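Visitor: As a plain string of letters, each chain reads:
2 protein chains.
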Amino acid sequence: MENFNFHSPTEFVFGKGRENGCGIYVKKYGGHKVLVHFGSGSVVRSGLLDRIKASLEKEGIPYVLLGGVHPNPRDTKVYEGIELCRKEGVDLILAVGGGSVIDSAKAIAIGVPYKGDFWDFYSGKAVPEAALPVGTVLTIAAAGSEGSGDSVITKEDGMWKRGTGSTLLRPKFSIMNPELTCTLPAYQTACGATDIMAHVFERYFTNTPEVEITDRLCEAVLLTMVNETPRVIKDPNNYDARANIMWAGTVAHTNICGVGREQDWNSHGIEHELSGLYDCAHGAGLAVVMPSWMEYVMKHDVNRFANMAVRVFGVAMDENNPENTALEGIKAFRRFLHDIGMPINFSEIGAKEEDIPVLVEKFGLGETGRTGGFVQLSSDDVKEILKIAAHATL
Amino acid sequence: MENFNFHSPTEFVFGKGRENGCGIYVKKYGGHKVLVHFGSGSVVRSGLLDRIKASLEKEGIPYVLLGGVHPNPRDTKVYEGIELCRKEGVDLILAVGGGSVIDSAKAIAIGVPYKGDFWDFYSGKAVPEAALPVGTVLTIAAAGSEGSGDSVITKEDGMWKRGTGSTLLRPKFSIMNPELTCTLPAYQTACGATDIMAHVFERYFTNTPEVEITDRLCEAVLLTMVNETPRVIKDPNNYDARANIMWAGTVAHTNICGVGREQDWNSHGIEHELSGLYDCAHGAGLAVVMPSWMEYVMKHDVNRFANMAVRVFGVAMDENNPENTALEGIKAFRRFLHDIGMPINFSEIGAKEEDIPVLVEKFGLGETGRTGGFVQLSSDDVKEILKIAAHATL
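In the order they appear, the protein sequences are chains A and B. Note that the numbering used here has the first sequence beginning at 392, numbered continuously upward. Note that the numbering used here has the second sequence beginning at 392, numbered continuously upward.
Calculated from the structure, these hints are not laboratory results. Just so you know, these numbers come straight off a predicted model, no measurement behind them. Where hints are given, some of them may not hold.
You can't tell identical chains apart in this list, so a pair holds if it fits in one copy or across any two.
The calculated DSS-like cross-link candidates involving lysine-lysine, where the alpha carbons are at most 25 Å apart (straight line), are [unchecked claim]:
| id | residue 1 | residue 2 |
| --- | --- | --- |
| 1 | K449 | K419 |
| 2 | K419 | K563 |
| 3 | K424 | K444 |
| 4 | K444 | K418 |
Using the sequences and the hints given, assemble the complete structure.
Guide: As structure tokens, this is what we get:
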């Protein structure tokens, strides 16, 4: 196991009706003037925004509203938010929505006290040193941003999708009511589930030896997702299954499952180019990329893939040929994704094989670059993975 | 799943040599004058205390020392610590040791700003409302106090062992170097492992339905302990196995595995009477009590016990008779405890069957009281469990 620091100071406020007390937590964490940040009209139509407003008003906390955050949130909205916060003297940002809204709120939070262009944090030019506190009211189990120190933003000019991370970006509190996710369409629910599983797999495939506890924690989250996701696809109003998935989504991405081990975020990186170019859902892109990445890198550590197959997907171990077991595991994962309604190849997300050179170029490794922890990838490797993804079948 | 709040703001600083930077974390969390609190001479003899002093001195932080904390820490030492802190103007307590030292440090931390007797928090007369910050340098994987908001103290006058809990008692930081545990005698290592497993079992056995994610997380920790503990008993210097156990011990008790579900802490409660009366190690007492409690309550939910047997101890499921499977699981647990060197019955910890009435009386349920979540116990039930414990065999 490698040395690590783990610091997840977010207060999670979980369960039915908890959003009705959000004003209490805004006050507890020092908010006197709040930016309520949200996405589409569903937050308005469902009455959620009214309940948030009512709770803030009950605590006597003034607020300004900024809606309209896109999935794959854009830099343009972040600039708008930074300006609004400065003008209004906002001292806490309350993100009401999913990963996109929360990531946008985090970008605004580090942008407000920063003198330069907030994009510096995403292009790698600067590291966040101060941030407004962020609270969240989560409406979809997916990105894990409610408990992570990460944020991903897309620059409209060129559709560059880039991320940043810092303990400063961990929300002060996150209100998580699984009921709010019951009205999600099945497709979005499945996209979220895929994202959660991907967050675990990106940590699970590692070269760090002897990491039994984090291996087992990863498998715990994956088993939960394999068992609970089909239940909510079948019955969207199954509160307990929704609750299990929601908490699993947080555990998947606070990094408690990933500490002390080398990680590999190449599937996320490659997917970012897909959703950046085609504006497909992040989870849908992951469903296409991740099993293809697995097939491509599997031989690097067949036993780890075979273990995953046995422990997570209940594949029988073929002692004479663990490679078969490993392949069966990847197949089972792809079948699981298909069964919950996810795409598994390019055509199902509207991607085109002829765009692969563009995708590879945007990935940015050039002729000699390499990236990744479990298996270092070159531009040629990324091309091969995308080719597998283009033609994948069950 | 039930509604819950989960808030674990402790910064965990994990790995080789990390204690040498403890002064940095004392400074980060606002310490200007530190009480260094510790137990036996081993902290001195091993050179650990000198390394702690050196790090504090490097950061220019003055300190006072208070050693001599007993296993099953006593109120008398707490009173001494409170007086010393007040006299010296201490503003952060650094606990260097295991659960006893950390629990004693927590008691001092809530005692210093309190006008009454600190025991009020343990007798249930008062709830902590303020505390000095506590940091820890952990030397044994066991109690999980490095990441919990709990503290247990024994009142010397009558040997009453009682606990209190509050988010205020969560350490600000915990430095965890698995190397420091390599010199522990096998018996203490095994006691610690038993305590860690008990912390999970007390959460695992629940009446709350549909708690898949926390079930799986509990099983993840248990599987880790079943796999890793025999390795460190065989090879005390196995760093990676020590590291897996140490992180498992923290995960077992921050409550991330226990949120949203009813818990049952009766085995711990009953054990407290054993170690209170005989001053045996807490883990040793748990090894005697916990499987006996399991046998006694098993019929309340045979399927849950059968699941545990299958998933944690690899027992084959007997579909025609799940009760057999459940019993085999408890047997496997007791054999595991015996194999790592733990006692399994009264005689092995120097307890006497004729003391059972005294133990039951001290447990304090009287004629009509009941306690427990999974199964409510009366004084008669406790007596029966202790009888099983008195005579348990493999």
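Visitor: Please go over all the hints and tell whether each is borne out by the structure.
Guide: Outcome of the hint check:
1. K449 / K419: within (14 Å within a copy, 36 Å between copies)
2. K419 / K563: both (10 Å within a copy, 18 Å between copies)
3. K424 / K444: Answer is within: at 12 Å inside a copy they meet the 25 Å cutoff, but 44 Å across does not.
4. K444 / K418: Result: close within a single copy only, 14 Å intra versus 39 Å inter.
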